[in-house]
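K.L.:
Chains as they are written, first to last, in the working numbering: chain F, 339 to 452; chain Z, 1014 to 1127.
What the hints contain is simulated information worked out from the structure, not anything from laboratory work.
Incorrect hints may appear among the rest.
Beta-carbon label-pair distances, calculated as ranges [to be verified]:
{"hint": "1", "chain 1": "Z", "residue 1": "Gly1074", "chain 2": "F", "residue 2": "Ser418", "range": "44 to 52 Å"}
{"hint": "2", "chain 1": "F", "residue 1": "Phe392", "chain 2": "Z", "residue 2": "Leu1026", "range": "41 to 49 Å"}
{"hint": "3", "chain 1": "Z", "residue 1": "Lys1073", "chain 2": "F", "residue 2": "Gly422", "range": "31 to 39 Å"}
{"hint": "4", "chain 1": "F", "residue 1": "Phe392", "chain 2": "Z", "residue 2": "Phe1031", "range": "40 to 48 Å"}
{"hint": "5", "chain 1": "F", "residue 1": "Pro356", "chain 2": "Z", "residue 2": "Glu1029", "range": "33 to 41 Å"}
{"hint": "6", "chain 1": "F", "residue 1": "Asp397", "chain 2": "Z", "residue 2": "Thr1018", "range": "17 to 25 Å"}
{"hint": "7", "chain 1": "Z", "residue 1": "Asn1072", "chain 2": "F", "residue 2": "Lys376", "range": "25 to 33 Å"}
{"hint": "8", "chain 1": "F", "residue 1": "Pro356", "chain 2": "Z", "residue 2": "Glu1055", "range": "39 to 47 Å"}
{"hint": "9", "chain 1": "Z", "residue 1": "Thr1083", "chain 2": "F", "residue 2": "Lys376", "range": "41 to 49 Å"}
{"hint": "10", "chain 1": "F", "residue 1": "Ser377", "chain 2": "Z", "residue 2": "Ser1027", "range": "39 to 47 Å"}
{"hint": "11", "chain 1": "F", "residue 1": "Asn366", "chain 2": "Z", "residue 2": "Thr1064", "range": "39 to 47 Å"}
{"hint": "12", "chain 1": "Z", "residue 1": "Ser1096", "chain 2": "F", "residue 2": "Gly422", "range": "41 to 49 Å"}
{"hint": "13", "chain 1": "Z", "residue 1": "Phe1031", "chain 2": "F", "residue 2": "Pro407", "range": "48 to 56 Å"}
We put the CB at the ideal spot given by N, CA and C, even for glycine.
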Amino acid sequence: DAMVIQNPRYQVTQFGKPVTLSCSQTLNHNVMYWYQQKSSQAPKLLFHYYDKDFNNEADTPDNFQSRRPNTSFCFLDIRSPGLGDAAMYLCATSGRTGYNSPLHFGNGTRLTVT
Amino acid sequence: GNSVTQMEGPVTLSEEAFLTINCTYTATGYPSLFWYVQYPGEGLQLLLKATKADDKGSNKGFEATYRKETTSFHLEKGSVQVSDSAVYFCALSGIGQGAQKLVFGQGTRLTINP
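Model the full assembly from the supplied sequences, consistent with the hints where possible.
P.N.:
Have a look at this one:
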């Protein structure tokens, strides 16, 4: 089945130690998104790629970066994780422009910062 | 800016009870509206959507009607089941750089007891 896959499901990192989360998709969608979801809060969009074009949200901290080497893969890099960055990170894709096409989400990576 | 407000949870009901989860929104223009569901340990899945005023989205016994005059998109189900236990997110979409940018409500945790 076509899907969005996030690895790992659970990631533990130390305060200040860089960490990378990965997302892959078999849907051949041209848009990929990264959301941050803290406990009991709404998912918050960090950035997205439209093909190779990177689009950062205005309030996304510089500590968060992303790479998309090809259509199928997208990475979230946290350069110096702080305790406040502990959250569930959700990757999503969408295949068409227009505001009524649904997003397809992965199962998320839960990040713990010690 | 765009925003979504959901009724606070958690909501606990008995099986076969009637469910309503309220959702209101603030937006410029005419966004599409969505309900997403997140089952334990999984990513978000689209439950239903409506793209213009007076549209009714429906899926798996759930319904929601896009009410422009009250800026609402309340989720209803006539008879809930234990398997409906999950977190429900109301969302609206805006367009940015060719991608769909969802704005989520804070989520409502629903627990159905047998």
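K.L.:
Each of the hints needs a verdict: does it hold here or not?
P.N.:
Verification of the supplied hints:
no.: 1; hint: Z/Gly1074 - F/Ser418: 44 to 52 Å; verdict: holds (47 Å)
no.: 2; hint: F/Phe392 - Z/Leu1026: 41 to 49 Å; verdict: holds (44 Å)
no.: 3; hint: Z/Lys1073 - F/Gly422: 31 to 39 Å; verdict: holds (36 Å)
no.: 4; hint: F/Phe392 - Z/Phe1031: 40 to 48 Å; verdict: holds (46 Å)
no.: 5; hint: F/Pro356 - Z/Glu1029: 33 to 41 Å; verdict: violated (51 Å)
no.: 6; hint: F/Asp397 - Z/Thr1018: 17 to 25 Å; verdict: holds (19 Å)
no.: 7; hint: Z/Asn1072 - F/Lys376: 25 to 33 Å; verdict: holds (28 Å)
no.: 8; hint: F/Pro356 - Z/Glu1055: 39 to 47 Å; verdict: violated (28 Å)
no.: 9; hint: Z/Thr1083 - F/Lys376: 41 to 49 Å; verdict: violated (30 Å)
no.: 10; hint: F/Ser377 - Z/Ser1027: 39 to 47 Å; verdict: violated (27 Å)
no.: 11; hint: F/Asn366 - Z/Thr1064: 39 to 47 Å; verdict: violated (24 Å)
no.: 12; hint: Z/Ser1096 - F/Gly422: 41 to 49 Å; verdict: violated (35 Å)
no.: 13; hint: Z/Phe1031 - F/Pro407: 48 to 56 Å; verdict: holds (49 Å)
Of the numbered hints given earlier, the model fails hints 5, 8, 9, 10, 11, 12; all others are met.
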